[in-house]
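Visitor: Residue numbers (the working numbering), protein chains in the order written: chain A, 92 to 621; chain B, 206 to 583.
Heads up, a few of these hints could be off.
Here are the simulated distance ranges between beta carbons [claimed, not checked]:
#, chain 1, residue 1, chain 2, residue 2, range
1, A, ALA143, B, ASP228, 15 to 21 Å
2, B, LEU231, A, PHE516, 16 to 22 Å
3, A, GLY409, B, GLN521, 38 to 44 Å
4, B, ALA512, A, HIS342, 33 to 39 Å
5, A, GLY409, B, PHE284, 43 to 49 Å
6, B, GLU358, A, ILE394, 45 to 51 Å
7, B, LEU474, A, ALA143, 54 to 60 Å
8, B, GLU414, A, GLN154, 51 to 57 Å
A few chain B positions that, by computed beta-carbon distances, are all more than 12 Å from chain A [claimed, not checked]:
#, residue
9, SER241
10, GLN449
11, GLY515
12, SER516
13, THR537
Derived BS3-like pairs: lysine-lysine, alpha-carbon spacing no greater than 30 Å straight-line [said to hold, decoys possible]:
#, chain 1, residue 1, chain 2, residue 2
14, B, LYS289, A, LYS621
15, B, LYS275, A, LYS519
16, B, LYS363, A, LYS289
17, A, LYS621, B, LYS462
18, A, LYS621, A, LYS519
Hints were generated in silico from the structure; no laboratory data involved.
Since this is a predicted model, take the numbers as computed values, not measurements.
Glycine residues also receive a C-beta, built at the ideal position from the N, C-alpha and C atoms.
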Amino acid sequence: MSSVTDQTLDHDSHDHHHAPKGLMRWLLTTNHKDIGTLYLIFAFTMFLVGGAMAMVIRAELFQPGLQLVEPNFFNQMTTVHGLIMVFGAVMPAFTGLANWMIPMMIGAPDMALPRMNNWSFWILPFAFAILLASLFMEGGGPAFGWTFYAPLSTTYSNDSTALFVFAVHIMGISSIMGAINVIVTIVNLRAPGMTWMKLPLFVWTWLITAFLLIAVMPVLAGVVTMVLTDKYFGTSFFDAAGGGDPVMFQHIFWFFGHPEVYIMILPSFGIVSAIIPAFARKPLFGYASMVYATASIAGLSFIVWAHHMFTTGMPLFGELFFMYCTMLIAVPTGVKVFNWVATMWRGAMTFEVPMLFALAFVILFTIGGFSGLMLAITPVDFQYHDTYFVVAHFHYVLVSGAIFSIYAAAYYWLPKWTGYMFDEFLAKAHFWCSLISVNILFFPMHFLGLAGMPRRIPDYALQFADVNQIVSIGGFAFGLSQLIFLAVIVKAARGGEKAEAKPWEGAEGLEWTVPSPAPYHTFETPPVIK
Amino acid sequence: MDLKKIGLCWLAALVTIPSQAKDMPLNLSQGVTDISGQVYDLHMTIFYICCIIGFIVFGAMFYSIVRHRKSRGVKPANFHESTKVEILWTAIPFMILIGMAIPATKTLIAMENSDDAELTIQVTGSQWKWHYKYFEHDLEFYSVLATPKKQIENKLAKGENYLLEVDRPLVIPTNTKVRFLMTSDDVIHSWWVPEFAVKKDANPGFINEAWTNVPKPGIYRGQCAELCGKDHGFMPVVVIAKEQAEFDAWLAEQVAKQQAREAEEQRLLAMQLSEQELMDLGKRTYDQFCSACHQPNGQGLPGMFPALAGSEMVTQDRQGHIDIVLHGKAGTAMAGYGKQLSLKELAAVVTYERNAWGNNTGELIQAADVQARKNAAD
Numbered sequence: 092m093s094s095v096t097d098q099t100l101d102h103d104s105h106d107h108h109h110a111p112k113g114l115m116r117w118l119l120t121t122n123h124k125d126i127g128t129l130y131l132i133f134a135f136t137m138f139l140v141g142g143a144m145a146m147v148i149r150a151e152l153f154q155p156g157l158q159l160v161e162p163n164f165f166n167q168m169t170t171v172h173g174l175i176m177v178f179g180a181v182m183p184a185f186t187g188l189a190n191w192m193i194p195m196m197i198g199a200p201d202m203a204l205p206r207m208n209n210w211s212f213w214i215l216p217f218a219f220a221i222l223l224a225s226l227f228m229e230g231g232g233p234a235f236g237w238t239f240y241a242p243l244s245t246t247y248s249n250d251s252t253a254l255f256v257f258a259v260h261i262m263g264i265s266s267i268m269g270a271i272n273v274i275v276t277i278v279n280l281r282a283p284g285m286t287w288m289k290l291p292l293f294v295w296t297w298l299i300t301a302f303l304l305i306a307v308m309p310v311l312a313g314v315v316t317m318v319l320t321d322k323y324f325g326t327s328f329f330d331a332a333g334g335g336d337p338v339m340f341q342h343i344f345w346f347f348g349h350p351e352v353y354i355m356i357l358p359s360f361g362i363v364s365a366i367i368p369a370f371a372r373k374p375l376f377g378y379a380s381m382v383y384a385t386a387s388i389a390g391l392s393f394i395v396w397a398h399h400m401f402t403t404g405m406p407l408f409g410e411l412f413f414m415y416c417t418m419l420i421a422v423p424t425g426v427k428v429f430n431w432v433a434t435m436w437r438g439a440m441t442f443e444v445p446m447l448f449a450l451a452f453v454i455l456f457t458i459g460g461f462s463g464l465m466l467a468i469t470p471v472d473f474q475y476h477d478t479y480f481v482v483a484h485f486h487y488v489l490v491s492g493a494i495f496s497i498y499a500a501a502y503y504w505l506p507k508w509t510g511y512m513f514d515e516f517l518a519k520a521h522f523w524c525s526l527i528s529v530n531i532l533f534f535p536m537h538f539l540g541l542a543g544m545p546r547r548i549p550d551y552a553l554q555f556a557d558v559n560q561i562v563s564i565g566g567f568a569f570g571l572s573q574l575i576f577l578a579v580i581v582k583a584a585r586g587g588e589k590a591e592a593k594p595w596e597g598a599e600g601l602e603w604t605v606p607s608p609a610p611y612h613t614f615e616t617p618p619v620i621k
Numbered sequence: 206m207d208l209k210k211i212g213l214c215w216l217a218a219l220v221t222i223p224s225q226a227k228d229m230p231l232n233l234s235q236g237v238t239d240i241s242g243q244v245y246d247l248h249m250t251i252f253y254i255c256c257i258i259g260f261i262v263f264g265a266m267f268y269s270i271v272r273h274r275k276s277r278g279v280k281p282a283n284f285h286e287s288t289k290v291e292i293l294w295t296a297i298p299f300m301i302l303i304g305m306a307i308p309a310t311k312t313l314i315a316m317e318n319s320d321d322a323e324l325t326i327q328v329t330g331s332q333w334k335w336h337y338k339y340f341e342h343d344l345e346f347y348s349v350l351a352t353p354k355k356q357i358e359n360k361l362a363k364g365e366n367y368l369l370e371v372d373r374p375l376v377i378p379t380n381t382k383v384r385f386l387m388t389s390d391d392v393i394h395s396w397w398v399p400e401f402a403v404k405k406d407a408n409p410g411f412i413n414e415a416w417t418n419v420p421k422p423g424i425y426r427g428q429c430a431e432l433c434g435k436d437h438g439f440m441p442v443v444v445i446a447k448e449q450a451e452f453d454a455w456l457a458e459q460v461a462k463q464q465a466r467e468a469e470e471q472r473l474l475a476m477q478l479s480e481q482e483l484m485d486l487g488k489r490t491y492d493q494f495c496s497a498c499h500q501p502n503g504q505g506l507p508g509m510f511p512a513l514a515g516s517e518m519v520t521q522d523r524q525g526h527i528d529i530v531l532h533g534k535a536g537t538a539m540a541g542y543g544k545q546l547s548l549k550e551l552a553a554v555v556t557y558e559r560n561a562w563g564n565n566t567g568e569l570i571q572a573a574d575v576q577a578r579k580n581a582a583d
């Protein structure tokens with residue numbers, strides 16, 4: 092019996108030599124590293140597509156008046172830009188990082204459910220092909236904002252809504268499968284001695300994120316299905332004429348939507364908590380409190396959803412409840428930021444590119460956190476709500492937050508993935524161009540919002556003209572800067588200075604114990620963690 | 206890649222553009238009402254709190270970045286927890302938040318108390334205009350964007366109040382508690398006047414309440430804040446606050462005018478307009494009210510808004526055509542115009558649609574025909 096097992100193992104470890112080559116290798120792969128790579132390439136492609144739509148938006152807003160696009164097309168751009176960036180860029184990028192890194196961080200040979208892993212990736216391109224194809228339908232694609240409020244998305248939308256609903260369903264299924272895989276892997280495949288409180292924070296934050304995904308993706312599936320039946324099958328979930336309520340849509344949507352916001356930031360916390368100690372050469376301050384803070388943020392995320400809806404006419408009690416709960420989130424989030432600063436304190440810091448992005452993350456995410464705290468104050472939210480102040484807020488946390496952390500992660504682990512060091516000059520150019528342009532792009536949006544410019548408008552009053560011009564220039568610069576990253580990646584994939592197993596002096600973790608590039612199969616025999 | 210050059214370009218962009226700036230305020234407006242003043246104070250308080258926390262956190266971080274760097278030859282410390290510090294930086298923010306929640310709660314309670322209003326106005330949003338109805342008086346009217354299309358299309362120079370001007374502003378008295386009842390005829394809109402700190406969603410089928418008490422006469426401008434479809438950016442709110450006496454005079458005049466108009470309409474019911482008159486008035490009315498969706502050439506937007514040119518309804522079903530213009534079509538974006546347009550305009554626009562763009566039915570619809578359909582519905 093034992094000889095059979097040995098043989099099987101031996102066969103498994105060499106099967107990549109016999110595995111299909113070319114396209115079929117990628118189509119049929121069940122290898123977590125391959126799938127991670129697919130996710131990351133897909134996410135960056137979608138980031139460029141969604142970014143191109145942002146360029147259309149900024150070009151139209153460069154001057155007052157309608158120049159380039161019709162209002163209806165403008166609305167399609169804002170809608171599809173949002174959907175692509177959330178579901179096509181940020182979430183798949185995190186799933187890609189999870190696929191690549193979680194097994195290597197916990198000493199597992201692969202993800203626990205490799206075939207499902209293949210499936211959860213390969214349905215994604217179809218979801219986005221459907222969504223993008225809807226733009227070419229008669230009457231255009233979805234134009235009701237990524238939040239698809241009823242009845243604008245039901246009675247008053249065109250038939251691309253059916254494609255939109257189907258695409259969102261597929262994205263949701265993909266996310267749920269990815270989340271199940273992460274949970275099963277972390278719970279079952281940790282190497283001996285890898286106890287819960289020894290898990291790297293990236294693994295912890297992803298575990299919590301995965302639970303959030305499983306909790307709320309079905310809610311999203313439910314709400315899009317209600318939109319579908321309201322539009323096509325005569326139900327009245329969101330139509331007062333049939334006994335429904337359009338505000339109920341918003342409650343259900345944001346019950347998904349708010350945890351979703353944390354789904355897009357918790358893995359960032361994990362990434363930054365790995366990078367800052369590595370380059371400060373000092374252990375992470377308050378590991379346990381980081382874990383508890385992440386769990387509290389995740390818990391609170393279920394009881395704050397209606398802070399997106401203060402102007403919908405909630406009763407006073409509801410407004411007070413959601414205001415207090417929302418303000419509470421500042422406490423665990425503050426703990427995280429303080430811990431990062433305390434980690435830097437009296438360290439011996441160096442500033443390689445991953446660290447630069449992580450530091451920028453801490454500052455810019457905190458700025459986004461501050462505007463979040465301001466938005467929590469209900470009476471003032473009435474003034475900020477649905478203005479560019481909100482646009483500034485969530486782009487600070489999502490672009491200079493989530494996306495900067497993804498860049499930090501990419502630069503941190505790129506040598507492990509490709510086996511080569513990346514071109515540091517290009518990478519630094521990417522960082523500095525992004526850092527400067529992202530602030531020219533998003534900081535003045537605070538002023539636009541405070542001065543009274545509503546969001547999602549294709550044209551605006553003359554007083555907003557000059558600031559919009561600055562914002563657009565920042566936008567174009569930020570968009571172009573991302574092409575530098577493409578150059579860095581292509582160059583690093585092709586060759587360069589050979590990377591050592593542990594290219595960063597202060598880096599900690601099992602992923603640095605395997606050679607660079609990481610072999611196709613790692614930890615076939617689990618490492619022992621002392 | 207020449208970093209310096211890129212930096213210089215950005216710097217140049219930053220320096221040159223604001224020099225042509227019109228005066229956009231960089232901060233929230235204090236507004237004109239007591240409530241908007243309180244909201245402004247809350248805004249500044251929470252802003253200063255953020256500034257102080259930011260100063261401390263970023264200060265410590267930058268100090269660390271400058272002093273605790275490997276290139277200075279420092280040896281890293283090895284501490285990684287301190288229960289005392291961690292309790293402290295959990296408790297202090299908590300206290301600050303409680304301090305912030307108290308005044309916020311007070312203001313919020315005041316904002317939500319619309320009791321004892323002296324004047325009630327129903328605000329109804331629809332794609333893409335506002336309708337105001339004075340509850341205690343016999344007066345209601347639509348308020349539509351007044352900026353000419355040519356300015357939006359960059360064919361004419363833009364006016365001072367570009368996109369912030371309407372044909373008939375809402376008029377309210379000063380120093381009076383005015384209650385607004387918000388609702389919508391189609392999708393969700395949001396009625397917002399920043400100077401009053403009033404922003405409230407208009408939900409179809411439900412009524413929301415808001416109120417204001419404006420101490421200063423003036424013209425106050427705002428916009429729809431909730432994405433409501435294609436022309437969301439083109440439905441401004443304009444409110445004129447007048448002294449009580451002036452308001453009363455205005456109100457009396459408007460009520461009288463409205464009654465006179467209705468009486469006149471009934472008196473002229475028997476009058477027949479010529480084809481030329483109907484087509485001219487019809488085209489004007491169509492361009493103003495119908496062309497946003499059905500397009501000036503009657504072709505509509507395929508997949509969104511149906512074409513009228515060659516439409517079976519328009520070329521054949523005469524009663525159905527009048528009915529749909531009067532009452533709208535349930536379950537679609539088509540709104541009824543029976544309330545908004547006069548009988549004469551309704552007759553003209555139906556005539557125009559039945560004869561323009563090659564429809565050429567040759568039929569003339571008169572005010573009396575429209576009245577007949579109106580009666581049939583009642």
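Visitor: State for each hint whether it applies.
Guide: The hints, checked one at a time:
1. Distance hint for A:ALA143 and B:ASP228: a CB-CB separation of about 34 Å, inconsistent with the stated range 15 to 21 Å.
2. Distance hint check: the CB atoms of B:LEU231 and A:PHE516 are about 37 Å apart, inconsistent with the given range 16 to 22 Å.
3. Taking 38 to 44 Å as the suggested C-beta distance range, the pair A:GLY409 and B:GLN521 does not conform, at roughly 52 Å.
4. Here the CB-CB span from B:ALA512 to A:HIS342 is close to 38 Å, well matched to the stated 33 to 39 Å.
5. Between A:GLY409 and B:PHE284 the C-beta distance comes to about 44 Å, which sits within the given range of 43 to 49 Å.
6. The hint said 45 to 51 Å for the Cβ distance between B:GLU358 and A:ILE394, and at roughly 48 Å that hint holds.
7. Remark: the range hint 54 to 60 Å for B:LEU474 to A:ALA143 is upheld by a beta-carbon distance near 58 Å.
8. Checking the proposed 51 to 57 Å range against B:GLU414 and A:GLN154 shows it is violated: the Cβ atoms sit about 39 Å from each other.
9. With a minimum CB-CB distance of about 8 Å to chain A, B:SER241 fails to clear the 12 Å threshold, and the non-interface call is violated.
10. Against the 12 Å criterion, B:GLN449 stays outside the reach of chain A, whose nearest CB is about 27 Å from its own CB.
11. Remark: the non-interface label on B:GLY515 is consistent with the geometry, its nearest Cβ contact in chain A lying 17 Å away (cut-off 12 Å).
12. Its beta-carbon lying about 16 Å from the closest one in chain A, B:SER516 satisfies the requirement of being farther than 12 Å from that chain.
13. A beta-carbon of chain A comes within 12 Å of the beta-carbon of B:THR537; the shortest separation is about 7 Å.
14. Distance check on the hinted pair: B:LYS289 and A:LYS621 sit about 29 Å apart at the alpha-carbon level, within 30 Å; holds.
15. Between B:LYS275 and A:LYS519 the CA atoms are separated by roughly 19 Å; this keeps the pair inside 30 Å, and the hint holds.
16. Pair hint B:LYS363 plus A:LYS289 does not hold up; C-alpha atoms about 64 Å apart against a cutoff of 30 Å.
17. Of the supplied pair hints, the one linking A:LYS621 and B:LYS462 is violated, its CA atoms being roughly 89 Å apart against a limit of 30 Å.
18. A threshold of 30 Å between alpha carbons decides the hint, and for A:LYS621 with A:LYS519 the separation of about 37 Å lies outside it, so the pair is violated.
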